[in-house]
Amino acid sequence: MPEEKDDSTVEETLFDAPPIAEQERMVEALLFASTEPMTVKEMSDRMPHGADPAEALVHLRKRYEGRGVNVRKIGQGWAFRTAADLAFLMRRDQVERRKLSRAAIETLAIIAYHQPVSRAEIEEIRGVSVSKGTVDLLLELDWVKLGRRRMTPGRPITFVTTVAFLDQFGLDSPRDLPGVKELRAAGLLDNRTAIDFDGKETFDDEDDGFAEGQDELFE
Amino acid sequence: MPEEKDDSTVEETLFDAPPIAEQERMVEALLFASTEPMTVKEMSDRMPHGADPAEALVHLRKRYEGRGVNVRKIGQGWAFRTAADLAFLMRRDQVERRKLSRAAIETLAIIAYHQPVSRAEIEEIRGVSVSKGTVDLLLELDWVKLGRRRMTPGRPITFVTTVAFLDQFGLDSPRDLPGVKELRAAGLLDNRTAIDFDGKETFDDEDDGFAEGQDELFE
Amino acid sequence: MRDDKALEGAKIGRLSETPPTQDNLFTAPNADRTNPEALLIDVDGFEGPLDVLLTLARGQKVDLRRISILQLAEQYLAFVSAARKLRIELAADYLVMAAWLAYLKSRLLLPPPDTEDGPSAEELATNLAFQLERLEAMRTAAAQLMARDQLGREIFARGQEETMTVKTDIEWTASLSDLLNAYSRIKTRDYYQPLHMKRVPVYSLEDAVKRLREMVGVSVNWQVLASYIPSEWLSTPTKRKSALASHFSAMLELVKQGDAEIRQDDTFGPIELRAARTEAHA
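Protein chains in written order, with the working numbering: chain C, 1001 to 1219; chain X, 1001 to 1219; chain G, 1248 to 1529.
Derived pair list, reagent style SDA-like, types lysine to any residue, alpha-carbon separation capped at 25 Å: (1) X:K1181 - G:R1313; (2) X:K1073 - C:R1063; (3) X:K1181 - G:L1311; (4) C:K1041 - G:R1400; (5) G:K1486 - G:D1454.
Cβ-Cβ distance ranges computed for the label pairs, FRET-style: (6) G:V1343 - X:T1152: 22 to 30 Å; (7) C:E1065 - X:F1088: 23 to 31 Å; (8) G:R1313 - X:D1190: 14 to 22 Å; (9) X:T1152 - G:A1349: 26 to 34 Å.
Because the hints were derived from the structure by calculation, they are not lab data.
Where a beta carbon is used, it is the ideal one built from N, C-alpha and C, also for glycine.
Please construct the entire structure, taking both the sequences and the accompanying hints into account.
Here it is in structure tokens:
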């Protein structure tokens, strides 16, 4: 029996089955280059006659044991896969600093100056509707939180600023937010801002309404 | 005793880079995962603090010598590529690429050997004008890109080869272009006085800039 | 100079000859190419006069640096005149080259003038030889380049790219002055607020259906429709009309669904309704 087998082996080698180390290289290259997991049959179809990819695969798997990539069985096929413990390398954290959108900063300003303030009130002040995303972002940043419900029909939710908000903007209390009059007196605010955005001139006598709003809020 | 060792290990993992064998695994995983060449800097950004991918790479290259896939240097980056002698296995995976025209091949070679090179210089070498389509094709293949403008009258655009070009032709750098040293020694990469066949002789004022650009690349 | 596309398109007097392909381009010139007679009938295979000159030069079978420019000029001129005899229309740059070579030839043959302006004939000849050599060198280089093992042809990259994810944490920033500016912007804008239309109070149909269904469900006796309207909606004529209209529609809706019955004794008389009698009730 063994002799017969030997004979057949000799015949096979005549048909140039490459040495197993060479076959291992072939399987290695095939699995590497293939866009999908490759079955033993598919490897066999590509490799020289008489090659035994299944055996080459055994050697290859052993070679890659504990390496940064491993030979893994996926479905019926085989493929290289990154070692599971190195998955963290494939991720990278990146911090991107972005300026708050105009809508977000305006909404935040209204909440800061008018708190507690309902969404309807914010919309009324801004003159445009406030998208859910804007408020969500402010909530997520923890600069704004939900306040008490207003004791009016519909009992709307109100928004107030948080301690994190005070931290971010270097304030001791929301009361420290300067009024428009003060801003202008301090030169922090000039008419240009308004002109830039609206293309019109600003009027100075808006302060009353503002102060009123503030009183309501902070006292 | 073992306890003490354990302590030191804890300290090491807190402050030191992982052992080099581990770093080698990491580089292996990173290079396997990426189809594009990856620079040492890019690896370093992903690896733990204190890791030395350049050294890990030395070990990794040795490990893969003679294997079915090898670690190859491509420009500033590194990548795994299948061994050239196994090309026959991969014949089915070959990317069908439209045969490049003679004009495109020559233009590519001139850009590669003379970079940075302006369109006028390419035309002078080939003795015919370069059609827009030819350069566009090379740009589209991402084998060629725009270099700096030449600091000569008209500030012409120059062309240089890309990392993808190096990858395509298995080159470490433009210095490794076949026969580049001999061509250079023979003065065939110099930009010499051109003859304009209208009967005038043009003396090229651009020689300096041209030679300078070349030096940068090849020396 | 002509566009090489245009040149390729100019199929001039071309007899059946295999065009130069990539394969044979950079090998030794084939017999046809080296034979000046063959050149005559293969003009469209060339990429301009320099290409023709290079092919002729190869025919001299010497180092391009020692090429006889005089001989080359004569060959080229012969080529052009033969083409003319055959009434092959040559592109302008072929003729420009012919004129230049005729001039060069005359300069090479005549003794140099005592006072020479610009480069000598020898210098011009050397430069031409250089250009030919350089073109030849680039062609050889191109062939060597293309013969290299190429990515996607002999050498392959990883087939399955693994996703290298970049997790981006966005850090939102805003300064106090951003905040103050934003607020002042809003306060300024107050003066230009768009006109808001006041909404007329409307009793919605949905509300009326809901209300009627709840109330009718418990009343077995006939009741006038108007009595179902909430009292606060009777305060003004506008509100009353709106509420009545929606209750009327709601009533019809309930009847349609089989939940209520209605009756009206005379025209314009009060409409009454009650819950529908089920079989059991009957």
